[in-house]
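Please assemble the complex out of the two chains, which come individually in their own frames, going by the hints.
Sequence lines, in order, name chains A and B. Under our numbering, the first residue of the first sequence is numbered 443, with each subsequent residue one higher. Under our numbering, the first residue of the second sequence is numbered 780, with each subsequent residue one higher.
Please note that a few of the clues may not be correct.
What the hints assert, rightly or not - Which stretches of chain B does chain A cover? Using the computed rule of at least three CB atoms under 8 Å from a CB of chain A, they are:
(1) 816-828
(2) 868-879
(3) 980-992
(4) 1023-1029
In short, the hints are calculated from the structure, not lab data. Quick caveat: nothing in here was measured; it's all calculated off a predicted structure. Virtual Cβ for every residue (Gly too), placed ideally from N, Cα, C.
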Amino acid sequence: MTFTLLIEQILNGLQFGVMLFLMASGLTLVFGVMGLINLAHGSLYMVGAFACAAVATATGSYWLGLAASLVFAALAGVLVELAIIRKLYTRGHLDQVLATFALILVFSEGTRWLFGSFPLYLNVPEILSGAVVLPGGIQYSLFRLLIIAVGFAIAGGLLALIHKTRIGIQIRAGESDREMISALGVDINKLYTIVFALGAALAGFAGALVGSIQSVQVGMGEPVLILAFVVIVIGGIGSIKGALVGSILVGVVDTLGRFLLPILFGAFMDPSSATAVGSALASMLIYMVMAGVLFFRPTGLFGLNA
Amino acid sequence: MKKLGAFLAGLSALALIGTAQAEPVKIGMITTLSGGGAGLGIDVRDGFMLAVKNSGNSDIEVVVEDDQRKPDIAVQLADKMIQSEKVDILTGIIWSNLAMAVVPATTAQGKFYLSPNAGPSALAGKGCHKNYFNVAWQNDNLHEAAGAYANDAGFEKSFIVAPNYPAGKDALTGYKRFFKGTIANEIYTQLGQKDYAAEIAQIRASGADSVFFFLPGGMGISFMKQYAGSGVDIPLVGPAFSFDQGILQAVGEAALGVKNTSQWNKDIDNAANKAFVAGFQAEYGRLPSLYASQGYDTANLIISAMGKASVSDADAFRSALEAADFDSVRGDFKFGPNHHPVQDIYVREVIKEGDVFTNKIIAKGLSNHSDAYAVDCSM
Chain A
443 MTFTLLIEQI LNGLQFGVML FLMASGLTLV FGVMGLINLA HGSLYMVGAF
493 ACAAVATATG SYWLGLAASL VFAALAGVLV ELAIIRKLYT RGHLDQVLAT
543 FALILVFSEG TRWLFGSFPL YLNVPEILSG AVVLPGGIQY SLFRLLIIAV
593 GFAIAGGLLA LIHKTRIGIQ IRAGESDREM ISALGVDINK LYTIVFALGA
643 ALAGFAGALV GSIQSVQVGM GEPVLILAFV VIVIGGIGSI KGALVGSILV
693 GVVDTLGRFL LPILFGAFMD PSSATAVGSA LASMLIYMVM AGVLFFRPTG
743 LFGLNA
Chain B
780 MKKLGAFLAG LSALALIGTA QAEPVKIGMI TTLSGGGAGL GIDVRDGFML
830 AVKNSGNSDI EVVVEDDQRK PDIAVQLADK MIQSEKVDIL TGIIWSNLAM
880 AVVPATTAQG KFYLSPNAGP SALAGKGCHK NYFNVAWQND NLHEAAGAYA
930 NDAGFEKSFI VAPNYPAGKD ALTGYKRFFK GTIANEIYTQ LGQKDYAAEI
980 AQIRASGADS VFFFLPGGMG ISFMKQYAGS GVDIPLVGPA FSFDQGILQA
1030 VGEAALGVKN TSQWNKDIDN AANKAFVAGF QAEYGRLPSL YASQGYDTAN
1080 LIISAMGKAS VSDADAFRSA LEAADFDSVR GDFKFGPNHH PVQDIYVREV
1130 IKEGDVFTNK IIAKGLSNHS DAYAVDCSM
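Pulled out of the complex, with its shape left as it was, chain B reads as follows (with noise of 0.2 Å):
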């Protein structure tokens, strides 16, 4: 009888590391569905539940909460779902202000943060961490092809333009990281701010041959719709935050023609990422953003991590999101040794398909473009 206890004891054993490859895993999902800034929430989430269910594992549970945009309130629900939802991995803030408040004090907790869109310069150098990945991107990699665009083409002379927080901040920087011009004037705007008058008056005396301006979601349209109405007609260059699909109809013909540039676009040709573009629309009915994609890769990122190891195994987990073995929407994915993505950056314009304003990509801004970061980080 004693022998059978033990053999049934070896063999649950067994079943038991058997299973551990199919553990499941709790992800808590805290990003902005309710405000001004709900659009780009509500696409990560669309995007990364997509993928949940395309992948039909059962073992997934995600736990969605509304952060509002509000910092305190994203680190009430970080510490709501890391204590009594006891999830494994955090992701889904949108805004760098409030992944600064959330992502140190989650990592430091031993859980996994995956930024499917913040990316601080804070958390890429000095303040990395072994268990915080960006699948998006370091804020300042999209700014820098912006630069190295304006390079390309030409310009000069740029006026340029972001809102007074931590991102608008790494924006400028990284524009002026790659653009090799002079800079006719740099501006700071309030956070939400939607009239640009007087920033508009400044660039038409300014004498730049080009603007480059950061202004995310309901910003960019106001920003675009005046700009469009006072008569300057100088180059506008942009990152792709104030063109994505879910603003560009909202400011219609006065995007027209604007270059802009991202890390992804629905026109990349390869598998993974048509059959993403098409299961969106399919799904939600309309086309799918960059934030999107994003939400889509992190959550195909975790998937791939647990066919190769359990979360609670914290070094293997590390290891498999490492590899980022995955087949991502954007084509060739890796990540550096600061656990942000290395990744092509393209220039796109904005067209008109039929009565739809979406992007084309139009040329390639950086290859294999890491982050200036990186080197600061050990881990």
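One chain only, chain A, in its complex shape (with noise of 0.2 Å):
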């Protein structure tokens, strides 16, 4: 193991967690905001990919898609929020998870009725392949260098948003006094609107981006939803602060189980055992941080309610 090596895999998780960051970010404010507990999040994240590759393929630029997945995952979720959603916050998380599940559903067998059953095609544009070279002489891939500098500047614009804006203000009051804030004329109903969009539009931008350097197919959301649930529930949840620490530390730590871990085994164990016990214990890692973040501090890093 070299330390270009171990540089090269610090940015790899750091490339993973801001991504991470983007779907948490929605998921811990619909969360902490309204109560409500929204699986079909990651239905989101996969509208925003297929609205980009769709519309990348149609129109030729990779950047009209980009923007096709914020706009369509905004409106799906603006639907979403009015048609369904918007019943379910007066009822248990019991309801919110059966209807949204049901969401997952109906978006999945929706995408593949318009879309149909293989994969489709998104690349990332030609000016923005490749590897660039960092100092050391670390070879790294321009793209997902620019995923973080991305990640990062959305991450310090929703901080910005929730801390410094007078919108951030009525998000903040409506997490800790839902009737104060109705009282005093805010209109609840069009916050939360707004909030649900911002989230869905985040989630489907995050969708397209992973979806250029991966695949774009029905049921990509899910797997990344339990990552992001993992990650509000370590940062705390409402906290957008918290959800970029516990993106970064899920996205670092996973990244460098599953690199460090074989090595280690490696020193005393056969090679192929030390693959197989390195790799399945690299699995449960981000949920053995989790238990233990969850041991020391129940609410997580950042939770606000004891």
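Structure representation (structure tokens):
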């Protein structure tokens, strides 16, 4: 193992982390502000990826595709919020889970109906493909580097939005006392729709970016959704800062675990069983981190309500 | 009157013998039709149904159900099909972990199972069963051919990657069985993993001269796109599963020129294959994949056996299946002693025909290849 390999893996972890943040930030806002468990968040991620792939293929422009991912995911979010989610705020978590799970099935089969069962083509545009050489002779994919930059920029923007703007104050107020803020004349329904659309747009954008380097297919959102829930539990529900720290933590721990654990076990085992034990343990690692965090801080790292 | 009655009874008994050949057969197909792996199951189903349709045989009834790629659901469906639908034959499963959950219970209940895809090693060796047939391949086969190709291509140090599940382990075992060079590193990834940056970084640092990977379906799309974007230029070798017709279009340019191994390709030169490729395109409007060819062969095998024996006479029907007296799209096809194919495996290269990415055969990897587990099988 060389130093450059380690740096490259840390960059990979960061990139994975900021992608998770785009998913987790919407999820944590919706959960924190509206008290809603939204399992269909992964479907919005898929909607973004499919919108990007379809528009990029039709127009030949990747950038239009990216814009379409934001627009279509936000539209889908608004539509779902107005038609279904709005009726769920006053219900219990079980009803919410059932209804949003049904939405997953509707979105998946609807997408299959529109686009077919085979994965769609979506690739990184020519000028962003390939690798760049970083100081220290590290070769790294240009697109992933950009994802890291864009992810941190969005994180900064969101933190500023939540902590510095009027709408951010309303969101935070809605989080701590729903009745009080509506008594003060804030249109809580409109606020909820805006928050939901914002979360949906971020998820869709993440889907489009990730779809460019992975695959655009039905069901792509659910594995990410599980990790996003892990992130918001670690970070503390409702906290954007917590979602950021949690995402980076999960991204780096998962990537480095997959890379380092087999090497670690290789020091005192034969290679093939070291690989087997190492990769089995690596896939559990983030859940062990989650359990550890919850043991010491039951509300997560930046949890608001004890 | 009594005499006439006896005569009539005798006549109807004769008539029964006469119709025994055409006794209806009910086939249960459990395959993956929704979720991430749906493309594979849909291809198997479409290939299978095309053969049934072409045969014009109205005595075949096929019940199709979706296992959602979940072992527990596959087991429930199998129980339902055997107990309430009373099917004679089960088929269709794509994934080895699902096959391991369904096949032993099915054959133990005296039903036939014909696998159009999954061929886990556990069912080819000690766990083989007289009522279990695999029409596709034993899992190791295509990987063994990839290992043999790597020797021919002069590779000496391979980096090998597969997901952590039964077929993934079979894959790396198969490659190592034939590859004579050294292994730079072997990595098991999570099943369904989509980001391979960590693995690609290790490939870059490994100093290997070749990369063997078995990442079927969406996993392969992600891997190849990321590999092409990473700037690593070590040649890739893999089995056909990451290069089938269904996913090549999603990978695009990144797959061009990659060598992969398969028991079937659309340019294999025989009449059955030409009819299959043309018929599949006419029926479904797309090129068939190797999964479709496996479904097609499975159906034709069943139809050929139905012409020879009644499915209610299990021993005769089994012998008819063993004879494999049908025109396979692969050309010569026969079963080994463990009911797994003995067949040629080809090396293909990904090319672009007009706007469509597809494969062409460039060499024969292994001839009349059986599998390493047949010796452990006693039926």
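Hints broken by the structure, by number, lowest first? 2
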